[in-house]
Amino acid sequence: MSVETQGEPLPTGLKASGELGVFVFLVSEGLLFGALILGYTVMRLSPGADFAGASKELSLLLGTLNTCVLLTSSLAAALATMWADGKRDGYARIAILVTAALGLVFLSIKSYEWFDEAQKGLLPFRDVSDRYPKASPQEHREFFDAYLVLTGTHGLHLISGIGLMLGITVFWKRLVHPAHTLKMAALYWHFIDVIWVFLFPLLYLVR
Amino acid sequence: MTIAADLPERGSYFAPGWRLRDWLLTTDHKRIAWLYMSALLTFFFIGGAAATLIRIELFSPSGDFMTDDTYNRMFTLHGVVMVWFFLIPSIPATLGNFLLPLMLGAKDLAFPRLNLASWYVFMAGALITLWAMLVGGLDTGWTFYTPLSTMFTTDNTSIAAIGVFIIGFSTIMTGINFIVTTHKLRAPGQTWFRLPIFVWTLYATSLVMVLATPVLAATLLLIVADRVFGIGIFDPAQGGDPLLFQHLFWFYSHPAVYIMILPGMGVVSEILPCFSRRPLFGYKFVAYSSMGIALLGFMVWGHHMFVSGQSTYAGVIFSFLSFCIAVPSAIKVFNWTLTMRKGSVTFETSMIYSLGFLGLFVFGGLAGLFLAALAEDVHLTDTYFVIAHFHYIMVGGMVTAFLAGVHFWWPKMTGRMYSETWGRIAAVTSFLGFNLTFFPQFILGFNGMPRRYHTYPDEFQVWNVLSSAGAVVLALGYLMPLFYLGYSLFKGPRAPDNPWDATGLEWQTSSPPPKDNFRTPPVVTGPPYQYELPEIDRPADQR
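Those sequence lines, one after another, are chains A and B. Counting in our numbering, the first sequence runs from 2 upward without gaps. Counting in our numbering, the second sequence runs from 54 upward without gaps.
Hints may be right or wrong, so weigh each one.
[Unchecked claim] Chain B side only, calculated, beta carbon under 8 angstroms to chain A, not exhaustive:
#1 F164
#2 I225
#3 V233
#4 P267
#5 V277
#6 A278
#7 G292
#8 G293
#9 L297
#10 V518
#11 L519
#12 L586
Hints were generated in silico from the structure; no laboratory data involved. In this text the structure is predicted, and so the values were computed from the model without any measurement. All C-beta atoms in this analysis are idealised placements derived from N, C-alpha and C, irrespective of residue type, glycine included.
Bound-form chain A, shown alone:
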């Protein structure tokens, strides 16, 4: 969205505009997750609830694995940016592919977790046997409601991130400033990663 040339280069520079735009967007995104995390925190801190106990139902192993996968994908994205700046386009495009692939691995593991939890009747899907009766006491349901909203919103962001990355590597030759476009997409990717870095301890580690 930044490569809007108006016939001639803008006096203050195209790169700076695009990056500032992405940063402002990411601040906005931060507020979106901020509101959701606030909702989670309010429920967690409400007195007398056995809300936090429900996190024991989550798989710490898969969560940790997923964290590693996502952090590694960010490394690949950073390498891609570096190589693209150094005009080593071939390496850069492969690194982007690796980034997207690791994103897909993350989503697969996450989907398996969701599937597993749905089988146990923990997730709030209305039509599954009288509203997930196995999640009890009530606070456990609350936890899984918040869990699904948080990880679901994060997952949706990841899907758009994967789309972005794949789009860049496929249309690399057609982009006016591929390295610049990649850098902005990478900023978004790192942001999704950082969100997970907050979600992982909040949901999995604080038991």
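Given chain A's structure and the hints, the job is docking chain B onto it.
For chain B alone, coordinates are given in the frame of chain A:
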């Protein structure tokens, strides 16, 4: 069509094509401003029609015109359409879109395609919400309060919430575009403290848009998730907290009030100096107070919840902070007033609107102090006093400022002049009609008439009849510009480049501006508002 035929030699932005695709696929910020303008005016009159029906119903104490259910749907339609389809985008998306690059000395916004995309996203969200209104409507009011919106009302609520959610994206896109443009595309010499106040207020507005709208998005997402999946974050039966909804909702919706009013303040800050022939008094104070309002606006949401059961201590703090936010607003009012002092004041149409804004904004703002007072608010919550208060700000303030701006920049936007006589008549009519409509509602509210009911006790009828009569006058005042501005668009006399002798970069280019805004890149060498009094008004020793 005549405009295009008349203007090719002047290279106006109208000239390069009048086919539909030249408008629907344009990335020219000036044309996108017109796209927004046509959409917003349509929505304004839809919302106005709903308001008319409400006033007809309230003409008599009994519910003889609509059922209570229809009435609930009417005020929801009025609220949702007016807030999200008119007030939030009104000045930024139309005048702001048109003027921001001109005032900065830029060719366009930083992201022209994003700008066009924001219009399409806006239209998509608006049409989805309108569809929900048409297939049965919703009765939650514009606030979507839980548990009503999650557990009891119709499924149209989900559709409308998704529509408003989508509109939020358009708001954020506009906000990002304005922030980046203001940072990066200022002309040489156009430093921060040489920016017109209108740019400052657009910048402050954009910050609020970018920071507050995502919170609304998250909140609406949770409502839809509740209705569709049964996620019970706001559902007390499942251990959720309905009050959390109110906190999140007002964390957006109170700053949103400043999204609506800040650009109006900016418009008035341009017009008052021009028709007083005086520099804006205390420029830096006005600039900083815009930022102060944007910042403080995030810390006062709890004053919507004094009777909702939030902690009393929180209530005290929110009450205090709500009084605090009156300070930057008051600074602006004093500065505007002092700008006119010893000025050479003339009463062009846009000046009359601006003076109307000043009076109505002060009145509405002072009424706000009653509502910020914790104990008094318990008496006034959910009465017509609240309705009157925010209509003084939103309609008396914002819509008046919008009309002031449209009249002020009309010659620049269209290259045509309009009838000053009709303009003045319309400005005065809408001022009188407005006061007749909404002043009685202060009295009604203070005497205890609650909002959102279609019937009321007989003793309230006198004031309600006055209010309904005022609404007729007000409607007249709002319909008049449609005719004389419409006439001016095709038959009005040609406008000179700077009909008001105003300062500011936008007046240095032709009327209407060429496609790239400026024929030669502008350079700014001095502060804004360099107005000089006409000789006859200057003190004897300075003539």
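Against the structure, the hints:
no. : hint : in the structure
1   : F164 : holds, 6 angstroms
2   : I225 : holds, 5 angstroms
3   : V233 : holds, 5 angstroms
4   : P267 : holds, 4 angstroms
5   : V277 : violated, 11 angstroms
6   : A278 : holds, 6 angstroms
7   : G292 : holds, 5 angstroms
8   : G293 : holds, 7 angstroms
9   : L297 : holds, 6 angstroms
10  : V518 : violated, 44 angstroms
11  : L519 : violated, 43 angstroms
12  : L586 : violated, 36 angstroms
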